[in-house]
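Chemist: Each chain, letter by letter, is given below.
Number of protein chains: 2
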Amino acid sequence: VPSVPRKKLTTLTFLQQSLTMILEDAVKKATDVRQKVCEWHSPEELKELLDLELRDSGEPEARILERCRDAIRYSVKTTHPHFFNQLYAGLEPYSLVASFITDALKPSLYTYEMSPVFTLMENAVLRKLIQTVGWEEGGDGLFNAGGSMSNMYALNLARYRHFPEIKELGNSAAPRLAVFTSQECHYSISKAAALMGIGTKNVFVVPSDKRGKMIPSALEEQIESVKSEGGVPFMVNATAGTTVLGAFDPIDEIADICEKNKLWLHVDACWGGAVLMSNKHKLLMKGIHRVDSVSWNPHKMLMACLQCSAFLVRDKTHLLQRCHSARASYLFQQDKFYDLSYDTGDKSVQCSRKPDAFKFWLMWKALGTSELEQRVDRALAMARYLADEITKREGFRLVMEPEYANVCFWYIPPSLRDLPDGPEFQEKLHNVAPVVKERMMKKGSMMVGYQPHRGQANFFRMVVISPQVSRQDMDFVLDEIHSLGKDL
Amino acid sequence: VPSVPRKKLTTLTFLQQSLTMILEDAVKKATDVRQKVCEWHSPEELKELLDLELRDSGEPEARILERCRDAIRYSVKTTHPHFFNQLYAGLEPYSLVASFITDALKPSLYTYEMSPVFTLMENAVLRKLIQTVGWEEGGDGLFNAGGSMSNMYALNLARYRHFPEIKELGNSAAPRLAVFTSQECHYSISKAAALMGIGTKNVFVVPSDKRGKMIPSALEEQIESVKSEGGVPFMVNATAGTTVLGAFDPIDEIADICEKNKLWLHVDACWGGAVLMSNKHKLLMKGIHRVDSVSWNPHKMLMACLQCSAFLVRDKTHLLQRCHSARASYLFQQDKFYDLSYDTGDKSVQCSRKPDAFKFWLMWKALGTSELEQRVDRALAMARYLADEITKREGFRLVMEPEYANVCFWYIPPSLRDLPDGPEFQEKLHNVAPVVKERMMKKGSMMVGYQPHRGQANFFRMVVISPQVSRQDMDFVLDEIHSLGKDL
Numbered sequence: 054v055p056s057v058p059r060k061k062l063t064t065l066t067f068l069q070q071s072l073t074m075i076l077e078d079a080v081k082k083a084t085d086v087r088q089k090v091c092e093w094h095s096p097e098e099l100k101e102l103l104d105l106e107l108r109d110s111g112e113p114e115a116r117i118l119e120r121c122r123d124a125i126r127y128s129v130k131t132t133h134p135h136f137f138n139q140l141y142a143g144l145e146p147y148s149l150v151a152s153f154i155t156d157a158l159k160p161s162l163y164t165y166e167m168s169p170v171f172t173l174m175e176n177a178v179l180r181k182l183i184q185t186v187g188w189e190e191g192g193d194g195l196f197n198a199g200g201s202m203s204n205m206y207a208l209n210l211a212r213y214r215h216f217p218e219i220k221e222l223g224n225s226a227a228p229r230l231a232v233f234t235s236q237e238c239h240y241s242i243s244k245a246a247a248l249m250g251i252g253t254k255n256v257f258v259v260p261s262d263k264r265g266k267m268i269p270s271a272l273e274e275q276i277e278s279v280k281s282e283g284g285v286p287f288m289v290n291a292t293a294g295t296t297v298l299g300a301f302d303p304i305d306e307i308a309d310i311c312e313k314n315k316l317w318l319h320v321d322a323c324w325g326g327a328v329l330m331s332n333k334h335k336l337l338m339k340g341i342h343r344v345d346s347v348s349w350n351p352h353k354m355l356m357a358c359l360q361c362s363a364f365l366v367r368d369k370t371h372l373l374q375r376c377h378s379a380r381a382s383y384l385f386q387q388d389k390f391y392d393l394s395y396d397t398g399d400k401s402v403q404c405s406r407k408p409d410a411f412k413f414w415l416m417w418k419a420l421g422t423s424e425l426e427q428r429v430d431r432a433l434a435m436a437r438y439l440a441d442e443i444t445k446r447e448g449f450r451l452v453m454e455p456e457y458a459n460v461c462f463w464y465i466p467p468s469l470r471d472l473p474d475g476p477e478f479q480e481k482l483h484n485v486a487p488v489v490k491e492r493m494m495k496k497g498s499m500m501v502g503y504q505p506h507r508g509q510a511n512f513f514r515m516v517v518i519s520p521q522v523s524r525q526d527m528d529f530v531l532d533e534i535h536s537l538g539k540d541l
Numbered sequence: 054v055p056s057v058p059r060k061k062l063t064t065l066t067f068l069q070q071s072l073t074m075i076l077e078d079a080v081k082k083a084t085d086v087r088q089k090v091c092e093w094h095s096p097e098e099l100k101e102l103l104d105l106e107l108r109d110s111g112e113p114e115a116r117i118l119e120r121c122r123d124a125i126r127y128s129v130k131t132t133h134p135h136f137f138n139q140l141y142a143g144l145e146p147y148s149l150v151a152s153f154i155t156d157a158l159k160p161s162l163y164t165y166e167m168s169p170v171f172t173l174m175e176n177a178v179l180r181k182l183i184q185t186v187g188w189e190e191g192g193d194g195l196f197n198a199g200g201s202m203s204n205m206y207a208l209n210l211a212r213y214r215h216f217p218e219i220k221e222l223g224n225s226a227a228p229r230l231a232v233f234t235s236q237e238c239h240y241s242i243s244k245a246a247a248l249m250g251i252g253t254k255n256v257f258v259v260p261s262d263k264r265g266k267m268i269p270s271a272l273e274e275q276i277e278s279v280k281s282e283g284g285v286p287f288m289v290n291a292t293a294g295t296t297v298l299g300a301f302d303p304i305d306e307i308a309d310i311c312e313k314n315k316l317w318l319h320v321d322a323c324w325g326g327a328v329l330m331s332n333k334h335k336l337l338m339k340g341i342h343r344v345d346s347v348s349w350n351p352h353k354m355l356m357a358c359l360q361c362s363a364f365l366v367r368d369k370t371h372l373l374q375r376c377h378s379a380r381a382s383y384l385f386q387q388d389k390f391y392d393l394s395y396d397t398g399d400k401s402v403q404c405s406r407k408p409d410a411f412k413f414w415l416m417w418k419a420l421g422t423s424e425l426e427q428r429v430d431r432a433l434a435m436a437r438y439l440a441d442e443i444t445k446r447e448g449f450r451l452v453m454e455p456e457y458a459n460v461c462f463w464y465i466p467p468s469l470r471d472l473p474d475g476p477e478f479q480e481k482l483h484n485v486a487p488v489v490k491e492r493m494m495k496k497g498s499m500m501v502g503y504q505p506h507r508g509q510a511n512f513f514r515m516v517v518i519s520p521q522v523s524r525q526d527m528d529f530v531l532d533e534i535h536s537l538g539k540d541l
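Line by line, the protein sequences are chains A and B.
In terms of the numbering used here, the first sequence opens at residue 54 and continues consecutively.
In terms of the numbering used here, the second sequence opens at residue 54 and continues consecutively.
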């Protein structure tokens, strides 16, 4: 080895310049309502613009800085006030700072010795969330790489509680297991069932009512029917805040059925969990203190930076540890000099795990519970305002009255307004949203999602989250949709 | 809704101050060899110091800034030149800037319209990695939230290729499936088997030789034995760079066995994949072009910021998509205005997915392939230097000659040096590493891991990664261990 003198650890000037640029372009400009939400290019065009190829020689830092600027320029600005395309939005500065710190320190949550600060912070946040859920005797939990993983953990714990031998012997040693979820649930339930060897056909889809809520009597019927065919029910997944409609399944009634049938009740509250912060709205999740596990993503309505996904479990018998542990001796040595119960790594299916709780902890410290509550109340009031505007305006029609932050509606261009409802009208209406979406993307004025749903024509789904969004922005969305689609 | 004027989108002053502090404390100071690697406190002490409780009221920004400073202060500095505790280390400035940009923009890789830039960058990096692996006809892949997830994907694709009906029907519709892996493999294989309903007892552990490499003849025997007992082999996992010893399984010979038995061959190269960048060392993975899938974490030896984990698959029949897809109509609308093959979200089991490839793409652009190669060569030369020093020094003994960046060794304090080898010596030796580790943590001078392994006394595992590390640092590690342990 050549005796090279210690290299400059980082090119600090480059880092300094980059941070200045990031603050300017990816924070200030990205959140400026006068700027575009996106600068659309087709894949072929964008490939030309970005020069993606990786070569033998490196490039000077000035060129790398330009590349960063371009990456920002051509990316979607999900923190822009007119970005309403997903179940997250807005910029949360405290959470962002926590992300930056995490990136620079590169911690990983295997063991207390590796991540003392973040281990304790995760514990503190989990305790507070568990208290918010209302499990008076406490519980356990973890932050995961996304809500899909949290939902999978629920399935795995539920299965393990019913059939602990599956961990060693696999599903082929067990009867045909059945899980129940509503037709409006997130697709992660079926993805998890596929991955976990349960099988998507053993995910029984319970009908929802017109508001998108699971029908408890239908659940009961399905459980009976599966049992009579030799299946073994082990879990019900209820959704608090469905993806499209923002519907809340009736947890209390479902809990009665689960108690009666001794089934694990999981609530996917990735999107809707935020109502638990609000005294005004938490009744939407009445009965939540009775369930076995909860997925809750503070990166959605509560605006923590991506990703921030909590999985909570009411069990107090180390089920998470017993179900997931592999006891790797190189990480979880038993002859350490501190209390090993602080090593959380073996509760997880992951090995490296990011300290996502820190992002939420820091913003909670900065804002306090009261400001978090106000934000939720404000977002739901804003959704209510938007729904009222839609009702008032010609050419707009609500899919249903919102009870959460999803506002689903059709835009009916003037040419269709006199058509009678029927197949022709529905078919023409179905084609409106995709064209309006294409036009808004190419103009870069805003981003709002649309989808087909339960056989209905494509409709828009507006989602109101950020406290940085105002009534003007709601008005803008409706004006802009009309302006983009009025000739259709 | 009160007609609140648009709030200041971010408190820019706070962000500016935070970034200055992060650059000073979490970058400059954290990587300064004169500073401590960690400032140890017990969980109880640290709870007092951090004031973790989340309250109703928020705190002023000056206080939040102090909290950030404390979080950094009490955290382990994994970028410090004397951090050798895990399979990652060092600070990569380009990758760090890419992380910062990602945090600020909050992209997610469901669809091209949501992440045009990062979708294309991921494609470009995957293509380049596939080329490096040597799959001349191409392949497919994804970046995942860690190597454990990548290994799980391999198991799932292998299972799906053999028994596609399991996706719908579950494992109980299939025979007892068997996977083979060496005794030195990463624990994620068994965690995945547990989660996937395969069962940990159906993970057959193949003996390794003294250097930690899977013994091909033992693999063949095990396959035959499982078959004769009615099990159905479907996959072999070979490891390129085992966690403790840094051993490389003989891929070429294992590939012969897999071809003969029609088994999926996966290579867990999370740690060792970096040798493929080096003309000098890539022979360690001879035969890699023949395998079906590879996990490779550029956040390890190649120093991309956490996490950066590639999963590569040689299949060209959209296996990843077919195996994992759920076709959510609200995300993957079929009436979009661009080429839908750019929507990668349904290939993943995750929903939100971070653009981790960007961190690798940017540093590759900055350094070029040639500098990446030099880094790997330099790290391995440095490991060689350390091994030579250990051989030369009294009181140090190599566990085995390294062929990669893991240097495993015992430190024998003077009091044990005259003891004959035997149970008493081994027992006393076993207690040395934990005490030295405790002392180094409390002093904060460095971090090096230790573990028991295959019935041997606890030994240290040094891992050399960062090009920022010098021969002086290697000498320091040995001097420091002696200084901390010489009275034992």
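Treat the hints with care, as some may be off.
What the hints assert, rightly or not - Simulated crosslink set (BS3-like; lysine-lysine; CA at most 27 Å straight-line): (1) A:89 <-> A:496; (2) B:82 <-> A:369; (3) B:369 <-> B:389; (4) A:333 <-> A:369; (5) A:389 <-> B:481; (6) A:100 <-> B:496; (7) A:181 <-> B:389; (8) A:495 <-> B:389; (9) A:100 <-> B:181; (10) B:100 <-> B:369; (11) B:539 <-> A:481; (12) B:496 <-> A:389.
Rather than coming from a laboratory, the hints here were simulated on the basis of the structure.
Just so you know, these numbers come straight off a predicted model, no measurement behind them.
Chemist: Where does the structure disagree with the numbered hints, that is, which hint numbers, in rising order?
Modeler: The structure breaks hints 2, 4, 6, 7, 10, 11; every other hint is satisfied.
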